[in-house]
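Chemist: The chain contents come next:
2 protein chains.
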Amino acid sequence: MSPADRVPDVVIGRIPLYLRTLSQFQAQGIRITSSKELAAVLGTSADQIRKDLSHFGGFGKQGTGYHISYLVGQLKRILHADREWEVALVGAGSLGSALLNCKEINRRGFAIVAAFDRDPTRIGSQAGGVTIQDGRHIEDEIGLRNIKLAILAVPGPAAQQVADTLVASGIRGILNYSGLALRVPEEVMVQDMDPAAHLQRMTYYLG
Amino acid sequence: MSPADRVPDVVIGRIPLYLRTLSQFQAQGIRITSSKELAAVLGTSADQIRKDLSHFGGFGKQGTGYHISYLVGQLKRILHADREWEVALVGAGSLGSALLNCKEINRRGFAIVAAFDRDPTRIGSQAGGVTIQDGRHIEDEIGLRNIKLAILAVPGPAAQQVADTLVASGIRGILNYSGLALRVPEEVMVQDMDPAAHLQRMTYYLG
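Read top to bottom, the protein sequences are chains E and R. When you line the first sequence up against this note's numbering, it's residues 124 to 330, in that order. When you line the second sequence up against this note's numbering, it's residues 124 to 330, in that order.
Treat the hints with care, as some may be off.
Pairs count within a copy or across copies, as identical chains cannot be separated in the list.
What the hints assert, rightly or not - Heads up, simulated SDA-like pairs for lysine to any residue below, C-alpha to C-alpha not over 20 Å straight-line:
id, residue 1, residue 2
1, Lys-226, Gln-283
2, Lys-271, Gly-330
3, Lys-159, Val-307
4, Lys-271, Val-134
5, Lys-159, Pro-308
6, Lys-226, Pro-278
7, Lys-226, Ala-281
8, Lys-174, Asp-132
Please keep in mind that the hints were generated in silico from the structure rather than gathered at the bench. Computed from a predicted model, the values in this text were never measured in an experiment.
Take these sequences, add in the hints, and give me the full structure.
Modeler: If you want it as structure tokens, here you go:
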């Protein structure tokens, strides 16, 4: 695909939210929806939704709405969410443990199959059905299992070093809870889960 | 300000990340930086950073770089991060407790001063220096203290009802960990902290 054909990343970022809302509708027994209805729930415009979806072809006819189960299937296929992804977690403190026990992540296609910590009191203990391993085994375990996604839930100061190890192990995408900006090679993606940054995005408007 | 003068929200979303990285530089004893250096850490382009900052006036001269302490002060002022914001938290399960104990949130200007749960075994207990209160007191407490920001850390099914209560209490910004798309009035902001959605944004590129 040439760069000109690429779907903008900001559009890709919205597709999981469309999928999430459509799945909610589906769980409520709703079978058909419209871009207008979706927009109302998502706090966006019907135009935006239609434009975003048009990058991937047409999913509904003007005036007849979207068949939810079809659209859910297509969006899952687009996001590669039609399979289960194995995920490694580093940092099994209170936040890491909460994530290990989070059923929602699993329900949406992600299995945390390996977890690591360097605290000896945590190593060997169980959380979310996984045994916490010594952080020294990160490279071996991730390489062996060919895991491509990692959740980084260690405190700030240690984060960059762990990120380097994850990248060396073959990780291609990091969900970063460390609150630290990570330096990674261009081919590795980072998504920041930073509550302070997201709160500041709102206080801008509240001053 | 007329809508034409408004800084795009996508730009606002990047300012906290610039502030975060600049504060890291500052903590490392660095006094001057450049858009190029910032861009390398942030995985973006120097052009983008210069363009984003130009919305708020000039912060550095071509060729001389940015004085970090000055720029940090200005960005804090822009984001209203030059004061401490009180925050209410609803849902003191494992994730909520981890957030209550998160020093990073506090260090960056947010004080969780009230926490609520509906589980009787949690009500009255302490976490992060706050006593968990009965969820029935949300409206009274938030109204009385005039709190404008809330963290929603309850499981999906209960989230919309709690969000309605928060909005009725005067909350203007919600950091949403529920994994549910919330319906809120136009004047209320929601920032989604949804690990599955952020993982899917990366699996799109990994298929």
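Chemist: Each hint: holds or not?
Modeler: Consistency of the hints with the structure:
| no. | hint | verdict |
| --- | --- | --- |
| 1 | Lys-226 to Gln-283 | between (28 Å within a copy, 19 Å between copies) |
| 2 | Lys-271 to Gly-330 | between (41 Å within a copy, 11 Å between copies) |
| 3 | Lys-159 to Val-307 | between (39 Å within a copy, 16 Å between copies) |
| 4 | Lys-271 to Val-134 | neither (22 Å within a copy, 30 Å between copies) |
| 5 | Lys-159 to Pro-308 | between (40 Å within a copy, 16 Å between copies) |
| 6 | Lys-226 to Pro-278 | between (23 Å within a copy, 10 Å between copies) |
| 7 | Lys-226 to Ala-281 | between (27 Å within a copy, 15 Å between copies) |
| 8 | Lys-174 to Asp-132 | both (14 Å within a copy, 19 Å between copies) |
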